[in-house]
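J.: Read off the chains here:
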Amino acid sequence: MAVSFAVPIAHNRKEWRGSETGHERAVAVDRWLSAGRLIEGFIGVMAADRAEASHGQLLGIDEQLRRFESLTDIGLTYLDPDDLLVDLLDQVRDLLHVDIAEVLMVEESGSHLVATVARGIEDEVGQGVRIPIGQGFAGSIARDRRPHALESIGQGDLHSPVLPNRGIRSMLGVPLIGHGVVMGVLTVGTFEQRTFVDEDTNLLQTVGDRIALAIEASSTVAERSAVTALQRSLLPTQLPLVPGLSAAARYVPAAKRSIGGDWYDLFTLPNGQVCVAIGDVVGQGLRAAVVMGRLRSSLRAYAFEGTTPGDVLARLHRKLRHFEPGEMATALLATFDPSLEHVEISSAGHLPALLAAPGVPCEQVDLSPDPPLGVAPDVARRTTRLAVAPGGVLCLYSDGLVERRGVSLDDGLARLCTSVVADEPETVCSAAMSDLVGDEPPTDDIAMIVVRRDAPGTHNAVVVPAEPSSLAQIRVAMRRWLTGAGVAAEDMNDLLVAVGEAAANSVEHAYGALRGTIELRLDLYPHEAIAVVRDKGEWRPARGDNRGRGMLLMDRCSDDVQIASGASGTEVTIRRRLSASTQP
Amino acid sequence: MTQATVAVESAGPTLRISLAGEIDMANADTVYTQMANAITNRAAGVTVDVTDLRYVDSAGLRVLAFLAARLRQLNIGFTLTAPSNSPARRVIELAGLTFSVSDAPTEDGSGPGSSE
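Quick note, the sequences are listed as chains A and B, same order. If you read the first sequence in the working numbering, its first letter stands for residue 1, the second for the next number, and so on. If you read the second sequence in the working numbering, its first letter stands for residue 1, the second for the next number, and so on.
It is worth saying that the hints were derived from the structure and are not from the lab. Treat the hints with care, as some may be off.
Beta-carbon label-pair distances, calculated as ranges [stated by the list, open to error]:
no.	chain 1	residue 1	chain 2	residue 2	range
1	B	10	A	229	49 to 59 Å
2	A	526	B	3	25 to 35 Å
3	A	514	B	10	44 to 54 Å
4	B	1	A	426	24 to 34 Å
5	B	52	A	386	25 to 35 Å
6	B	93	A	526	41 to 51 Å
7	B	85	A	229	50 to 60 Å
8	B	52	A	538	36 to 46 Å
9	B	1	A	238	34 to 44 Å
10	B	52	A	298	25 to 35 Å
11	A	563	B	52	26 to 36 Å
12	A	389	B	85	43 to 53 Å
13	B	52	A	226	46 to 56 Å
14	A	575	B	41	43 to 53 Å
Just so we're clear, the structure is a prediction, and the values are computed from it rather than from any experiment. In this text, a Cβ means the ideal position worked out from N, Cα and C, and glycines have one as well.
Let the hints inform the model, and build the full structure from the sequences given.
T.: What follows is the structure in structure tokens.
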């Protein structure tokens with residue numbers, strides 16, 4: 001495991017400099033106390049520590065080591081790994097009676113050490129000292145993975161001039177090794193010349209091992225919280241409200257392992273299309289989450305260009321391969337027509353989407369997936385077009401849902417199929433999670449999103465901002481409701497115009513400079529449609545030829561128009577008989 | 001957001017402008033600008049084809065009427081093509097606009113509403 005662990009430079013630690021160790025510890029204790037992070041049992045140690053230190057007593061090595069171990073244990077609860085290292089290095093200085101102690105970490109590139117935290121010689125960190133691995137005292141320790149001591153520093157012994165300039169005479173250093181990989185170097189130094197004996201080296205190595213463990217643990221904690229924050233910011237906590245479509249989603253991170261790169265998405269396009277996506281970046285941790293975030297926004301951008309799902313995934317594949325070579329992801333994109341009657345699906349190596357309709361059992365969408373994103377050469381990606389019945393449910397999910405320990409993939413898929421029925425998406429999600437996950441903590445991330453093309457209802461409603469761009473949204477919603485109910489095209493077009501003119505009047509006149517909303521209710525009965533357009537603004541009579549023409553159109557496109565205007569707003573009720581071919 | 005496409009094609013001295021998509025107050029001015037930009041004073045006639053216009057409301061009619069009035073000032077002929085069963089034809093008729101519209105291009109009559 002390569003440890004990438006960047007610690008912020010400790011400028012914010014200035015107020016501690018030059019203070020006595022005992023005082024620093026007191027400060028540290030106060031910080032722990034105030035942060036509410038004190039572990040029971042540690043109180044005693046620290047209290048004794050504070051008392052003894054204030055008496056200037058020297059503690060025995062064993063006692064100091066024991067205390068050091070307590071510190072690294074509690075270190076696991078630090079939020080900022082920097083704080084932990086500062087405290088650990090001060091303990092090292094006490095333990096070995098040295099003047100300076102420093103941790104240099106291997107940079108992400110793996111070619112250099114960078115001064116990360118230093119005590120007694122903070123300049124190194126402030127100057128951002130970087131040492132090529134293999135060069136100088138610390139660089140050799142990292143290369144050779146062996147402790148090294150310098151009794152008397154000579155010309156060229158150190159890569160950085162900072163330490164000789166400050167009068168450091170003797171140095172001892174050990175590698176910090178975690179999971180067999182050198183993650184850094186721990187060095188100590190003295191102003192007086194000193195011969196470091198084996199006992200010193202062993203002690204420092206013991207301390208170094210503890211530090212390596214603590215760094216690893218805290219970096220894992222830091223990474224996990226970063227991933228969680230990233231994931232929360234990327235996954236929509238509230239799905240957008242889409243007229244005529246119900247939706248629900250679940251995201252459950254793996255209980256034990258670090259978080260991966262699963263994502264789901266639901267968004268509308270300006271032309272009224274609705275996109276539902278799911279994906280899974282191979283790998284885990286912060287890196288996978290970052291790649292996921294990039295894929296998610298790129299997918300939105302390509303979909304926004306109004307191309308087919310297969311083309312969106314083809315572009316996503318080329319983009320991933322160019323900018324993140326070596327990364328791999330599966331993804332599935334389903335784009336609904338504005339009417340929601342059809343959906344187009346393309347799959348990049350993702351598990352099959354599930355489709356269920358009223359009275360029709362759930363089945364896997366029959367399409368051969370194209371290769372995953374990122375690894376394979378360019379291929380022509382296919383788009384499959386399917387009809388979605390009113391009330392039909394589409395379920396997308398990541399492998400964490402169906403790949404359970406001790407259950408074959410086919411069995412998992414079969415079980416999921418029995419949970420997915422043409423019902424409320426929230427109900428479907430709950431049933432699937434309950435049936436497949438139950439009380440067993442997930443071992444892999446689980447993402448799922450379920451959408452339903454709502455069956456035509458008698459009562460339909462939508463609320464939009466009172467602005468020109470909402471007029472298109474209103475038409476998209478009305479077409480879904482009217483098409484679903486089988487209303488004839490001529491009736492539908494007239495209703496669109498009548499309601500459109502009423503809504504346009506609200507946009508233009510209801511609110512003045514203030515913004516408000518427009519509410520549309522459309523009730524569909526066997527022989528009649530009743531639309532109510534309501535705003536909370538003031539009615540203003542039509543102005544100019546154009547609005548006059550609008551009122552005329554509203555009137556002529558319907559059988560009856562009533563305008564009720566009062567202090568609380570305006571309500572325009574439009575009634576329209578539906579022709580005989582209608583079968584609501 | 002309301003979307004319309006404005007396709008311009010020149011056939012000798014006559015410009016043919018095909019409108020598709022939807023026009024309402026959100027994009028009417030943009031559609032007008034796109035049409036106007038395509039018409040130079042060298043054009044002898046302009047045909048606007050609204051066959052593929054899926055939706056047009058009073059804001060869309062306003063720009064059509066305005067364009068007709070403007071072209072009359074410029075002595076440029078204006079014809080509108082709208083099949084009898086098209087949504088645009090229905091709205092134009094309901095609004096009582098006096099363009100001559102039919103499948104076969106005809107000369108423009110006088111369009112009211114040009115004062116806006």
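J.: Hints broken by the structure, by number, lowest first?
T.: Violated hints: 6, 9, 12; rest satisfied.
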